[in-house]
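Let the sequences and hints guide you as you build the complete structure.
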Amino acid sequence: MKGIFPFLLVSLSVTWVARAELPITALLLSDDPAPGIANSGTYDFFTIPSGAADGQRIAFGCFVIATGVTANNDVAAYSGPAAAPVLVGREGSPPDLSPSGEYFEFLRAPSINASGTALIFGDLSWIGDAVGAYRRSAGGVFEKIIETNDSVDGLSDRRLDKQILGNRAAIDGAGNAYLLVDLYGSNINSFNKIAIIRAAPGSATTLVRQGVTAPPGIPNPSSAIFFSTFLYLNANASGKIAFLGFITNSSASADSGIWTDAPGTLSLLVREGDPAPGITDAVFADFPYAIGIGDDGTVGFLARLGGTGVTVDNELTVWTGRPGALKLVAREGDPAPGLGTNVVFDTFLQAAYETGPAVNPYGHAAFVARLRGPGITNANDDTIWVEDGDGTLRLVVREGSVLPSVGTTTAAIGTSNPALFAPFTLHPIGGFASTTRIVFAAETAAGANEGIYAATVPDETTSPMIRINGPKRRLTSRPSLRLSGSASDNLLLAGIEVKAGSAPTKRASGTARWSAKVRLKEGSNRINAIALDRAGNASPPAKVIVRKL
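Under this note's numbering, the first residue of the sequence shown carries the number 1, and numbering increases by one thereafter.
By construction, these hints were calculated from the structure, which means they are not laboratory data.
There may be inaccurate statements among the hints.
Derived pair list, reagent style EDC-like, types lysine to aspartate or glutamate, alpha-carbon separation capped at 20 Å [said to hold, decoys possible]:
(1) K193 <-> E147
(2) K517 <-> E497
(3) K327 <-> D390
Pairwise CB distance ranges (calculated) [what the hints assert, rightly or not]:
(4) S524 <-> S488: 26 to 36 Å
(5) P504 <-> R467: 20 to 30 Å
(6) P219 <-> D157: 41 to 51 Å
(7) S502 <-> D390: 31 to 41 Å
(8) N189 <-> T461: 54 to 64 Å
All C-beta atoms, glycine included, are put in the ideal place defined by N, C-alpha and C.
What follows is the structure in structure tokens.
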């Protein structure tokens, strides 16, 4: 196969059937009508969607089938509401789907941000190895972001050469694209041409560059230490980036690491040779797959360990974290929660090197795992896992599980190919929602109902805590009083609300450390303060009684 499907699709005969643990809804199925494709075109195989705004609005790539569709125009990209996606790009057509002399020869799966703006990119036909990136707003406005030969950094002698394939582009909340590219021009050569850029229509800025940018966080840096190349670029809604970087003049056991944060303030997250937190005598050996980054800046990644006690049965691990604060999410050989005695994680799968663990705005991860143990066969060993709102690891769906809108027990997930069995992103519905959603693609055992599905993930249920500083009973002659205190939550605080008697509730300044000025009436004033978290959970109220003389 060609284009965005460089893998073989395999269907298996499945006899083990079970129910998925979390509620699942079918968003799209193969054989559904494919909008914008003539002659009653339908969807065929789906790519792993690479971005979603909220679990209702999605972006995905797919094959299409219809009379007149050939190997030169059978790959398409869509974005928009899951109930009514819009065709935003197609191989064999110009980037804006209008008549033009150029067209897509190789189209990547799109990304989408929370406002519904889609990022479309791929190879173009008009010149050898040409590439282009474009965006389409939810309202239908189509704009070129950057193409081969366009200026970078506003310099006529520094231009886009081509995009390095095999790396997912990302789009932030403002519609900026983050791309891993080759440059050409004066003083640019094979040692300094690879760059990470941020681009919008009419503007492209180099953020990090091979042979030029010194990697932050390297002890005893010298003027000869630079990044030598990059992989696995990703970005979140606020424009914080994460990438795997390799450095020059370093030993082979310490030449790679993951860097993150806002451009200009990059920090080293983790490096080969660093101790693996919480695992005795283990170190990070390498980072073999792509990287996820949540909107709160938490990075998700897979790491292979080395050291005493590390074997081929326990070397691969899933992590989340920020610089200085890493958390082990899962490890090969660890028990798979809720699946019985001696059922353990065998390995962690990836759809391709483009897709790493997904991370939601709470900083929680989703990943694909293969199991081993009693009762585990190649017909039920592939699984998707997610940390729920309280950080507890939950099984989303398992190979052999019956999927909705299929209708028979034989139409269950039935492929061991993780290319069609992986989560791609997590977002709460409408911001601070009561539930989160995870979206994944899967192929059925019958091989005829490939689809995109959404699972509902329980949000956090743990309530925050709040405290008011000082005594609980007070006496004053002043017309107002400034209260202060502290609050905490297992995840993220959303705000502090303070109410004095029948007066309107007011929002305090700060969260973990907060303060609020309260006006007092004559006599007794009962004042309550509560803390709210992102899921809408409220703390038990903290109370003071103030008597105004």
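(Q) When the structure is checked against the list of hints, which entries are broken? Sort them ascending. (A) Number 6 - this is the single hint that the structure violates.
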